[in-house]
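Number of protein chains: 2
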Amino acid sequence: MTDIAAQIAQIGRQARQASALLSRVSTDLKNRALGTMAEALLANQALLIAENSRDLDQARRNGLSPAMLDRLTLTEATIQGMARGLAEVAALPDPVGRVLGLSQRPNGLVVGRMRIPLGVIGIIYESRPNVTVDAAALCLKSGNAVILRGGSEAIHSNRTLAAILQQVLRELAIPEQAIQLIPITDREAIHALLQLEEFIDVIIPRGGEELIRAVVRDSKIPVIKHYKGICHTFVDETADFAKAVKICLNAKTQRPGVCNAMETLLVHEAVAPAFLPVVAEALGKAGVVLRGCERTRAILPQAEAATEEDWGREYLALILAVRVVRDLDEAIAHIERYSSLHTEAIVTEHYERAQRFLREVNSSAVLVNASTRFNDGFELGLGAEIGISTTKLHAFGPMGLEELTTTKFIIYGNGQVRT
Amino acid sequence: MTDIAAQIAQIGRQARQASALLSRVSTDLKNRALGTMAEALLANQALLIAENSRDLDQARRNGLSPAMLDRLTLTEATIQGMARGLAEVAALPDPVGRVLGLSQRPNGLVVGRMRIPLGVIGIIYESRPNVTVDAAALCLKSGNAVILRGGSEAIHSNRTLAAILQQVLRELAIPEQAIQLIPITDREAIHALLQLEEFIDVIIPRGGEELIRAVVRDSKIPVIKHYKGICHTFVDETADFAKAVKICLNAKTQRPGVCNAMETLLVHEAVAPAFLPVVAEALGKAGVVLRGCERTRAILPQAEAATEEDWGREYLALILAVRVVRDLDEAIAHIERYSSLHTEAIVTEHYERAQRFLREVNSSAVLVNASTRFNDGFELGLGAEIGISTTKLHAFGPMGLEELTTTKFIIYGNGQVRT
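Protein chains in written order, with this note's numbering: chain U, 1 to 419; chain D, 1 to 419.
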């Protein structure tokens, strides 16, 4: 075993030990820790900004893009945002210990399920240092030990953040190994982490598709993931045009670089001649480039010609693929073929088509008459989000505190035996 | 790609196609199919017994143990049992389409979760042909396509069973590829199956630890599994002796070869001198051999000496490890160290110790004053069981119909966009 592998294994062992104790820490104490952490971040703003500037200097020398530099930067405002985030997690209900549906069996056994933490969670992420604080807060609140592996470009910021959080755990006599940051930037550390099936229950990677595929390939531990978001909006023949234009504009342009932005617009052939010019004008004003099928281009000659590669493509930019379809069946068939199971919306005033779309499209979120941008933990009422899953096992869609737990069966008897 | 790999990939592709259609089949039609399958099994008893006898002849030539032969044998009674099982699954509520907790967000969006099938499930199992029918029934009812890979020793029985089930699907115009049996006994078929992450959502192996470990090592698809059941019973100082003896006897001897049988008995030191002779007499009469710690042997000189290997050992036989512990803390510490997270029980009349045991022991089922043998899908009220999970992701404990589903978010809007 290499030195790095040994060091990572030690981190894993410590996390497992901490998790056994952490699952018994009271809600009050966890909330107190979160509140104290918020205060500690605010009290250490100067230190955090100084350490962050070391990362930024290095990043500039390495020629990181302005967008990447922006995501890496800590300011008083972002630190205050992190502190607010901690307070919000403290205010959420604690899922641990909640008992679901106790009921009595014919032999008198009383059977229910109790929520318990998953155990140890590994988070692998890229440049944004706020993930360090958000993920630590959600794992702590849900009773899980966390091992954080941020991007090497944020190492000074992340180390300082983790040290501040751990100091609070020590002060409150919560096992400080409940929150550990891997201090090694060597990529071997990730490989070593992904082998620790004995100590880690689940890996959640957050970042680009390439990072996530590399993690899945290498991991012996179950990975909860989403590769990409290829979100569709289908405008039905009965759509209210005003709603449809507003929804399409929002879904495509409100934040085009995120996974719940719309990438493909499907339009019912009966309304394509009337609707496409209207929506094209609104999208065009917002700077969106259209790539259309042949039937689209017959109506909108200004659209570029879409090729097979444009269906199911995640642009993450002000580009939109547009296709005219015969009916709801063809829309659903297109979605089934090209969707990444992330988010799909229908705009319709037709009762049965709305119900069919909700029933038959099995993506992680399915909407009627609303923007795809709503597929998000906060927006859907989970209170917070540690990530999103587009695979169906364990969690499907945004993951909040409850998705960081599992349930065990609890059984109250009075001497029952099996016959 | 070899011929076998190509053939298995074709089975996977067909299953994926069938699953998209199957998720929309009505509850009525699924129940009708299950009922018709029960009739078809009863109508084909003679054929099934004839095909099964080919397996049995081969098994005898291969020198299979009497226990294995017993598990492989189909009789009129076992076929009637399978038919009853189909009727029972038909009678269970359909989890698909159930909507959990619709609620309104401040912006007027109405958000809920709807249960949907996982998709395609692969089951890998050993000699018992009834698994073919049970697993197919549970997957069909929960809207999942299933790929079955039974043991080679049961190939004639399984082929005949699968053909009967598929014939019913055809008659009712349900995609017959919803239930597929891999007809190839070559082990390469399992390897090829485990590579089909594109087509299969989850693999559930059922069998001995060696089979399961081999599947986990080889699989690119998530595996829901349990390796073994090392179940503990802790008899507290306040235990009612009559209950405790009855529970220990049942947990150890009612069916010693199964995963929820007790393997280790922990006894509080304060009652060990009084309790151990009583329970030893009852267990001794039932043919149980005891392996005790030193303190146990001071009370029960007839017990064999336990070594470190006896703690955390799955005997699956009439052997029981016995240890005297100082208190509840030492009992919980022993369980944390040696348990396989399957099932643990406490026998106590002390309120707070019962509550602490239920809260602090995080195995898939935790019982107070009842036999470990109750950790079973039927007994806990799931109606049926496709397997049991001792890992915490997705399902923990017995898996019924609901555990073969996931949820998607459904969102009813009236024009909402994100700001």
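The hints are simulated quantities; they were obtained by calculation from the structure and are not laboratory data. A portion of the hints provided could be inaccurate.
As the list claims (entries may be wrong) - Chain D regions said to be covered by chain U (calculated; three or more residues, Cβ under 8 Å):
#1 63-77
#2 168-180
#3 319-330
#4 362-370
Claimed, not checked - Cβ pair distances, simulated, as ranges:
#5 D:Asp57 to U:Val110: 41 to 51 Å
#6 D:Arg24 to U:Ala87: 38 to 48 Å
#7 D:Ala282 to U:Gln167: 52 to 62 Å
#8 U:Glu171 to D:Glu336: 19 to 29 Å
To be verified - Computed list of lysine to any residue pairs in SDA-like fashion (alpha-carbon distance at most 20 Å, straight line):
#9 U:Lys220 to D:Ala354
#10 D:Lys220 to U:Arg213
#11 U:Lys220 to D:Tyr227
#12 D:Lys220 to U:His394
Fair warning: this is a prediction, and the values are worked out from it, not measured in the lab. All C-beta atoms in this analysis are idealised placements derived from N, C-alpha and C, irrespective of residue type, glycine included.
- Message: Next pair to validate is D:Lys220 with U:His394; report whether the Cα-Cα distance is within 20 Å.
- Response: At roughly 17 Å apart (the allowed maximum being 20 Å), U:His394 and D:Lys220 satisfy the hint.
- For the pair we were handed, U:Lys220 and D:Tyr227, check the Cα-Cα distance against 20 Å. holds, 16 Å
- Task: Measure nothing beyond the straight line between the CA atoms of D:Lys220 and U:Arg213; if it is 20 Å or shorter, mark the hint as holding.
- Result: The hint holds at about 13 Å.
- Query: Can the suggested window of 41 to 51 Å be confirmed for the beta-carbon pair D:Asp57 and U:Val110?
  - Reply: holds, 49 Å
- Item | Coverage criterion applied to the stretch 63-77 of chain D (partner chain U; beta-carbon cut 8 Å; 3 residues) | violated (count 0)
- Query: Is 19 to 29 Å a correct range for the gap between the Cβ atoms of U:Glu171 and D:Glu336?
  - Reply: Roughly 27 Å apart at Cβ, these two residues keep to the hinted range, so it holds.
- Has the hinted range 52 to 62 Å been met by the Cβ atoms of D:Ala282 and U:Gln167? holds, 56 Å
- Is the hinted range of 38 to 48 Å satisfied by the C-beta distance from D:Arg24 to U:Ala87? Holds, at about 45 Å.
- Query: Does U:Lys220 pair with D:Ala354 here, judged by a C-alpha cut-off of 20 Å?
  - Reply: Violated, because 36 Å separates the two Cα atoms, which is more than 20 Å.
- Query: Has the stretch 362-370 of chain D got at least three residues whose CB is nearer than 8 Å to a CB belonging to chain U?
  - Reply: holds (count 9)
- Message: Closer than 8 Å Cβ to Cβ for three or more residues is the test here. Does the stretch 168-180 of chain D pass it with chain U?
- Response: Violated, because only 0 residues of the stretch 168-180 of chain D bring their Cβ atoms closer than 8 Å to Cβ atoms of chain U.
- Query: Three or more residues of the stretch 319-330 of chain D near chain U by CB distance under 8 Å?
  - Reply: It is violated, with 0 qualifying residues against the three required.
Checked against the numbered hints above, the structure breaks hints 1, 2, 3, 9 and satisfies the rest.
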